[in-house]
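Full structure from sequences and hints, please.
Those protein sequences? They're chains Y and B, same order as listed. Numbered per the numbering used here, the first sequence spans residues 30 to 415. Numbered per the numbering used here, the second sequence spans residues 456 to 820.
Mixed in with the good hints, there may be bad ones.
As the list claims (entries may be wrong) - To give an idea of the interface, some chain B residues facing chain Y are shown, with a C-beta separation under 8 Å as derived from the structure: (1) E507; (2) L708; (3) R725.
Claimed, not checked - Covered stretches of chain B (in silico footprint by chain Y; criterion: 3 or more residues with CB under 8 Å from a CB of chain Y, positions within the stretch not fixed): (4) 610 to 624; (5) 648 to 662; (6) 680 to 690; (7) 731 to 737.
Treat the hints as calculated values from the structure; they're not laboratory data. Backbone N, C-alpha and C fix where the C-beta goes; we use that ideal spot for every residue, glycine too.
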Amino acid sequence: MEGDTTARADLGAAGRGAGRGEPLLRVEGLAKHFPVMAGFPVRRRVGAVRAVDGVDLTVHAGEVFGLVGESGCGKSTTGRMIARLTEPTAGTITYRGLDITRLGRRRLRPVRSEIQMVFQDPYSSLNPRQTVGTIVGGPMEVNGIDPPGGRGRRVRELLETVGLSPDHVNRFPHEFSGGQRQRIGIARALALNPRLIVADEPVSALDVSVQAQVVNLLREVQRDLGVAFVFIAHDLAVVRHFSQRVAVMYLGRIVEVGDRDSVYSRPRHPYTHALLSAVPEPVARDGAGPGPDGEGGGGSVRERIRLAGDVPSPADPPSGCRFRTRCWKARERCAAETPPLVRLEGDAEGHLTACHFPEEPTTAARGGDVVLDPAPTTEPHPGTSP
Amino acid sequence: MNAPAGAAGTPEPFLSVRDLRVRFSTEDGTVHAVDGLSFGLERGRTLGVVGESGSGKSVTALALMGLHDRRTASVTGEVLLDGHELTGAPEKKLERLRGNRVAMVFQDPLTALSPYHTVGRQIAEPFVRHTGASRRQGRLRAVEMLGRVGIPQPARRVDDYPHQFSGGMRQRVVIAMALVCNPSLLIADEPTTALDVTVQAQILDLLGDLRQEFGSAVVLITHDLGVVAGTADDVLVMYAGRAVERGPVREVLRDPQHPYTRGLLDSVPRLSSDPEEPLVPIPGAPPSLLVPHPADGSRAPDGGGPLRGCPFLPRCAFSGRVEGGDRCRTERPVLPAGRGAACHLTERQRRTAFAEEARPRPGRP
Ligand SMILES: Nc1ncnc2c1ncn2[C@@H]1O[C@H](COP(=O)(O)OP(=O)(O)OP(=O)(O)O)[C@@H](O)[C@H]1O
Ligand SMILES: Nc1ncnc2c1ncn2[C@@H]1O[C@H](COP(=O)(O)OP(=O)(O)O)[C@@H](O)[C@H]1O
Ligand code: SF4
Ligand code: SF4
Ligand SMILES: [Mg+2]
Ligand SMILES: [Mg+2]
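Right, here's the structure in full:
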């Protein structure tokens, strides 16, 4: 296709394995505000849900960027904006040097084939009336792409890549288990040789024994095909097993981002710390045997940091630091000033956190007996009171 | 965890389930959702029931509450609560028990709450119904319960509607409603699955505190072994409608005996394991529990389940080590009373087999 070649040229030279030069994806100040409508008979705009409210992130070619956070913090909305399925309210999305934030359909087309999406629900994300062959071959059909050897052959190859039998091309989604359906979704995402896959909770709906199969498949896809991922999940342990860099979101913003090991072993934001300590691990809880953490050891039971309350409503976020209503370290400054995301360690893409009083770098979230009581709440939590 | 008692002298456990079977007849055939389940539970203890989706956990919970539709579900076996037989008991009797002596918490707090009534009224309702208390007393009790489950300013929040609460607070309301009559048995089916981890931690702590306070027996159903690890005393592992392993939670986590339990533990990604290593999945997927109707259009016989031998066989790496060739395929392994697993491997075979296929598993020696 003619349009394709020109646009591909536009995209510049930053290709696969370009290392830490020009990033594959750069997102700056990204925001999405959904209008809140009310009133009768004339509905009008009475406010906005700040689903995403100023997100910066960078993904390099072949890298897995993990995005974690609790329900409603804006992960999916961020992912959908990157895949250009949701229009941003503000901010820019730069893909291989090209600003794609407002590209029209025609010019977006080549980019669309390079950025694919995998969804959470293995049941509703596949058309029940299409065969596996039609589903996986769909993107080639839509984009008029005829791979050498033909589409049929490519579909069979793709099925093999994701661990399904090529003989399954004529079957329908309902004949497959949840894990197998997720494989079909991944095969479809791979059909156009994407450079970036936005995977929104691709394993959250699966049972652990099958989830492990799909996580391993994603790891192979990333390693063998060099595909980069924005990997969205709420399960911190899963994210740790698949990501090189990890960002933690809270109420529409990134509160901490850094290399995996740095974030997991030396969390600097109190929220990250609390999240990590709340993960229930299937480890026998008594004196004997090694503890869950290598160094803590000795079977020490990790105390949970009990966060008070819930996440406030994104329609009415707290002033200053959005985490302050649940933070045990909150002080006056936290309500007055919004903490910027600043670098604590490493280079500009090192370990960043948005907190006026970050945790000590030595804090081990997995350490023996961290007992941190939340600061007494002096005011009702926004969003949870009537 | 007690052996099924019955013989004179052995006391019945507070809750005793024997050979529970639940079958659904559907258009396509019969679903053997629970296929011969037995367990016991004492007062003041928490039994964790774990298993992957479709293993029969929720169907078991509904059977314990007598909530299955008698037209489509056939429930057989024995459920004895403090000596009273529940299976087949008249609906009137069950209704008296429900909400009073036996209460249930479901996964989704919204389905358990009516949007049209204040939370106070909903919490008070079973209390008023079962104790004959006045409305005013009911309201006071609701305020007390809201405080107990950690809702700030309970006297003010009691007149709010469910939509004015967040997800975690709604689940607290549901728990308050379940505990309002001091039930002696609480069945919680995935009570935290819909919640975020930080809120889950709050609710699990709350369930633990309340159990201590009320001395209730708790059946905690979950797919998450981590939840069981922090909350339960004993654990029952379910697979394909059967119990495949049981024991004190510490022993099961540290030294699993059933190949399925072991596989499940291995496949959980952990914060402490080497993230560069691939995860260790169990190959394949759980079997179908459906026995299709025969092709001639007649109904499937109601007899045995879909699986003759061990339901885990197609996914099991160790069946080759069982002596007697075909036993895993032809003979259903039984779950012994007390600590044990429903598996044909002898203890020696299992120890050798598990040791030879050792995998680095953190948290266990
Ligand atoms: N179309 C929409 N209209 C209005 N509000 C929306 C819309 N989509 C999302 N939101 C709101 O935006 C916020 C962020 O939603 P989003 O789906 O991105 O969260 P998430 O982090 O993916 O959560 P989860 O873990 O539950 O999937 C939420 O408060 C959500 O209710
Ligand atoms: N009302 C029903 N009719 C037919 N099959 C059912 C019904 N309820 C549950 N089942 C089947 O019974 C099995 C066990 O279900 P369930 O107890 O809900 O599993 P879980 O362990 O995930 O809670 C599944 O195969 C399910 O599809
Ligand atoms: S800025 Fe203040 S409220 Fe926010 S995380 Fe840091 S200490 Fe807590
Ligand atoms: S009975 Fe056989 S197939 Fe079943 S778990 Fe034991 S060894 Fe495996
Ligand atoms: Mg989402
Ligand atoms: Mg269930």
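Hints, verified against the model:
1. Because the beta carbon of E507 of chain B sits about 4 Å from the nearest beta carbon in chain Y, less than 8 Å, this interface hint is met.
2. Nearest Cβ of chain Y to the Cβ of L708 of chain B: about 4 Å, under the 8 Å cut. The hint holds.
3. With a cut of 8 Å, the hint placing R725 of chain B at the interface with chain Y holds, because the nearest CB-to-CB distance is about 6 Å.
4. Check result for the region 610 to 624 of chain B against chain Y: holds, 7 residues qualifying (beta carbon to beta carbon below 8 Å, three or more required).
5. With a threshold of 8 Å between beta carbons, the proposed coverage of the region 648 to 662 of chain B by chain Y holds, since 9 of its residues qualify and at least three are required.
6. Judged by the Cβ-Cβ criterion of 8 Å, the region 680 to 690 of chain B is covered by chain Y as claimed, because 6 of its residues qualify and three suffice.
7. Coverage of the region 731 to 737 of chain B by chain Y holds in this model, with 5 residues showing a Cβ closer than 8 Å to a Cβ of that chain against a need of three.
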